[in-house]
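Please work from the sequences and hints to get the whole structure.
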Amino acid sequence: MSCKDMDRLIQLYVDQEINEQERQELQHHVAGCESCLSSLTEMITLVSSLEEIRQHESWSRPVPFVNYIIKWMAVYTVIILFVTSGPSLLTHRNDTLDQDSSLENKVTPQTRVTVLATQKENLHIPERENIEVVSPQPRSQSINITGQTAWIYPSAMPFLTEEEQGWVKNMKRLVLVHVPDPETLHQLFTSVGISTKGIEARDFFKKTSFPTSVILTTGKRPRWKTFRFPGSKQKVIHWFDKLASTPTIH
17 MSCKDMDRLI
27 QLYVDQEINE
37 QERQELQHHV
47 AGCESCLSSL
57 TEMITLVSSL
67 EEIRQHESWS
77 RPVPFVNYII
87 KWMAVYTVII
97 LFVTSGPSLL
107 THRNDTLDQD
117 SSLENKVTPQ
127 TRVTVLATQK
137 ENLHIPEREN
147 IEVVSPQPRS
157 QSINITGQTA
167 WIYPSAMPFL
177 TEEEQGWVKN
187 MKRLVLVHVP
197 DPETLHQLFT
207 SVGISTKGIE
217 ARDFFKKTSF
227 PTSVILTTGK
237 RPRWKTFRFP
247 GSKQKVIHWF
257 DKLASTPTIH
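First residue of the sequence shown: 17, per this note's numbering; consecutive thereafter.
Any given hint could be a false lead.
Lysine-lysine pairs mimicking BS3-like chemistry, simulated, CA-CA at most 27 Å apart [to be verified]: (1) Lys222 <-> Lys236; (2) Lys213 <-> Lys223; (3) Lys241 <-> Lys185.
Across the chosen pairs, the derived CB separations fall in these ranges [stated by the list, open to error]: (4) Lys236 <-> Gly48: 45 to 51 Å; (5) Glu41 <-> Ser248: 16 to 22 Å; (6) Phe221 <-> Glu145: 45 to 51 Å; (7) Ser151 <-> Arg218: 30 to 36 Å; (8) Pro174 <-> Gly214: 24 to 30 Å; (9) His202 <-> Arg244: 16 to 22 Å; (10) Arg128 <-> Leu28: 21 to 27 Å.
Bear in mind the hints are in silico, worked out from the structure with no lab data behind them. Quick reminder that beta carbons are idealized off the backbone N, C-alpha and C, glycines included.
Written as structure tokens, this is what we have:
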């Protein structure tokens, strides 16, 4: 089977909808294909990142840094196990990373998502019934946005760094795509009411390489996490689907 076929199997795998024959085909292919193994790792990291963000949203106190090391060691360990011996990667991941999961953490049907982008946007935007594309204008407080998740594409960022954005108060999650530099990210944080003077924010800016993409959850205790925006259209669609079907906790 070709690498294009593997894209479909990888999506079935992370969605836990793959059958045994397909799983064996995927396992055999990624054992000898570095590119597809990288794609599999990327998608598993996506799922784990979403779970980590949701855990951040529900935490009432900071978690020791060693917990992060344990989590990511677990992710890469089960990937190696998948290639070498073939146990269920997601089953192992769920047992290792999600022992404290509850009903409120389960995936729910896709919700409305807004994408802020102009007609000059070069990055792919999926065409979905639950996705609405809005072209921002000066004085963006008047933007009418449905849903509680907004994707902010590069072409929209200049409009959103001018001043505080009133519509953000209704958002629970913002996805900043391809932020070009620290100055733009600082302006975006400020425009949504997040201070960059705290120790955590300052440390984040020092360690982040640009350009970068960021998943930001709002609320009384805002949280953020960088991610790599995928290059292929199919992977972009999968990112949108996963985020749309993963509710936030406020």
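Hint-by-hint comparison with the structure:
{"no.": "1", "hint": "Lys222 <-> Lys236", "in the structure": "24 Å, holds"}
{"no.": "2", "hint": "Lys213 <-> Lys223", "in the structure": "15 Å, holds"}
{"no.": "3", "hint": "Lys241 <-> Lys185", "in the structure": "20 Å, holds"}
{"no.": "4", "hint": "Lys236 <-> Gly48: 45 to 51 Å", "in the structure": "49 Å, holds"}
{"no.": "5", "hint": "Glu41 <-> Ser248: 16 to 22 Å", "in the structure": "20 Å, holds"}
{"no.": "6", "hint": "Phe221 <-> Glu145: 45 to 51 Å", "in the structure": "37 Å, violated"}
{"no.": "7", "hint": "Ser151 <-> Arg218: 30 to 36 Å", "in the structure": "34 Å, holds"}
{"no.": "8", "hint": "Pro174 <-> Gly214: 24 to 30 Å", "in the structure": "26 Å, holds"}
{"no.": "9", "hint": "His202 <-> Arg244: 16 to 22 Å", "in the structure": "21 Å, holds"}
{"no.": "10", "hint": "Arg128 <-> Leu28: 21 to 27 Å", "in the structure": "26 Å, holds"}
Going down the numbered hints, you'll see the structure goes against just number 6.
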